[in-house]
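Undergrad: Generate coordinates for the entire structure from the input sequences, incorporating the hints supplied.
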Amino acid sequence: MERQDVPPVSAVFLVVFDQKVGYTIAWKRNLPEIDLDGVEYKSLPSGLHAVKEDLIYFIHGAHAGVSVFVQDAADAKHRNANFAAVGALVPLSYGQLGRSWIHAAELRRLARDVVKNTSDTRALELFWKEHRADQAFRRSSLSPAATRDAPNAGLESRKRKRALSDATLADFNAEGTWPPDHPALHVPAILDMFGPLLFPLHRAVLSRKRVLLLGSPSVQDNANTVYIASVLSSIPRGLGESLPPESEPLFRSVPLFSVGIHDIPSLSSRDDSTGWVACTTDDILGEKKYLYDLLVQLPASQPAATKIWPKLKTSDGKILKASQRDLRRWTLLRRELRRLRRQMVGTYSDDSASAEIDESDERPLLRRNKSSSELYDNTGLQERDEAEATEPSTWTSLAYKGFMWWASAGEASAWENDETKADEELLFDMPDVGGLFPEAATSGKTDAEREMEYSRAAATMLVAYFRRVTEVVLRTMSAIVEEADDETEEGIQEDEIQINGEDVRAMGLDSWSEADKGFVADMVKVWFDRDAVVTDQGVRVCGMRIC
1 MERQDVPPVS AVFLVVFDQK VGYTIAWKRN LPEIDLDGVE YKSLPSGLHA VKEDLIYFIH
61 GAHAGVSVFV QDAADAKHRN ANFAAVGALV PLSYGQLGRS WIHAAELRRL ARDVVKNTSD
121 TRALELFWKE HRADQAFRRS SLSPAATRDA PNAGLESRKR KRALSDATLA DFNAEGTWPP
181 DHPALHVPAI LDMFGPLLFP LHRAVLSRKR VLLLGSPSVQ DNANTVYIAS VLSSIPRGLG
241 ESLPPESEPL FRSVPLFSVG IHDIPSLSSR DDSTGWVACT TDDILGEKKY LYDLLVQLPA
301 SQPAATKIWP KLKTSDGKIL KASQRDLRRW TLLRRELRRL RRQMVGTYSD DSASAEIDES
361 DERPLLRRNK SSSELYDNTG LQERDEAEAT EPSTWTSLAY KGFMWWASAG EASAWENDET
421 KADEELLFDM PDVGGLFPEA ATSGKTDAER EMEYSRAAAT MLVAYFRRVT EVVLRTMSAI
481 VEEADDETEE GIQEDEIQIN GEDVRAMGLD SWSEADKGFV ADMVKVWFDR DAVVTDQGVR
541 VCGMRIC
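With the UniProt record's numbering applied, the sequence shown corresponds to residues 1 to 547, in that order.
Hints listed in this document are in silico derivations from the structure and should not be mistaken for laboratory results. Just so you know, not all the hints are guaranteed correct.
Derived Cβ-Cβ restraints for the label pairs, each shown as a range [to be verified]:
id, residue 1, residue 2, range
1, K445, E388, 36 to 46 Å
2, E483, K52, 52 to 62 Å
3, K421, S242, 19 to 29 Å
Pairs of lysine-lysine, PhoX-like flavour, derived with a Cα cap of 25 Å [to be verified]:
id, residue 1, residue 2
4, K52, K20
5, K421, K289
6, K129, K52
7, K289, K28
A virtual CB, placed ideally from N, CA and C, is assigned to each residue, including glycine.
TA: If you want it as structure tokens, here you go:
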């Protein structure tokens, strides 16, 4: 990796466990204006004694923190283990998390060495001398903004990047090689963990709720999930013109990454209007319901045969699940991700997935299907019981579909195919994401290298997809608000925005889901500062509601 790609460091520190005072900063180097108060607690969250190594991301003022924890064997005097963490702070101005993951590999090497002899800090001094921010700026003329576009990229590759510019982060650089600790490489694991629950998680962060992920180490995996949830819920470039100017502070979600008991005062005093998303290993935070709007309880690592779904629980005790439409969309998305993996890696992790797809890898993403039943067939796709993660069909929806089938099978098919077509369009004209990473198909690549390239492509595709999901919701909502105001006297706003089932479906949501209707009302309030009434369409015959 070239020097200009490496973000400068504002502080470096070594945290150790002292028998008398607990965790303490044993050594540090920092710029004069940097206050390191509290980094020892942020660097060593609860539960790390159960793992040999971990990587922790956190926010410290205007800086992103990255810390590598290492545990080494010791004598009984030291409770048979030595603990040490080597961390650094980088400016947040250099992008999401300040791209601090670039330093993770070197910090890991330093931590593994220094844990054996915490008094030998010569290597830490060299790291500080090499990367300290005031020296780094003298050595490189590259500004934070310039790091977002590689100057030596090929013309054709730049064209492909521009085609996805509204759907990817600046950090998603297709020309460079991502370091192994890049959070986006965790996307396949997140997809496997959340499945269709990724949709209600996305909606919670998009409506700027305070979302707390509660789980056990690995803290790195949990923080990677925070990163992806934040990226998926950011507002695409160009959509801002459709939104009120006062909503600009909401355009980017607020990821706090790892938080703990010592962060409770700051979490309590935060401005709730912009929301945030964070992770913790401290169970006590999950008990303090005033701190969050949604608690995501992450399952512990388990054998594949016994995997369970995360639990999404609001602060007032309601369980959020994926809607029926979420499940159908997930089936589509997973099918395309499997096709992408086949294109790039050449194999699937399970035989059923491989047998399920027989299309040529040369075809465009998502060939249009002939019917909704063909499109949404889950046969051979379910690895876990997705019914456990999905809301059951409501009696009203079953009654409506049953009546429409009885009255006119053709009419019922047309109604379902409208949703099918809308969901299909989100993926149909997606640029060839696999083509952004042609190096994955290069002969001589190891399986691990191919898997990493697939992870990059999957992350790019997932961001592109959810940016489109976000656009559909907000553009439709903006048009409804504007139309409501146009029908009032000039200069007067409508007191309440009326939204019906057709509007909800146009946003890509499930009009039968109470949670989705609640989400619509929340979004109108958060993004447009207006009250909304979402009406229940029910089942009507000749204009009369029968249920």
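Undergrad: Against the earlier hints, flag every one the structure doesn't satisfy and list their numbers going up.
TA: 5, 6 and 7
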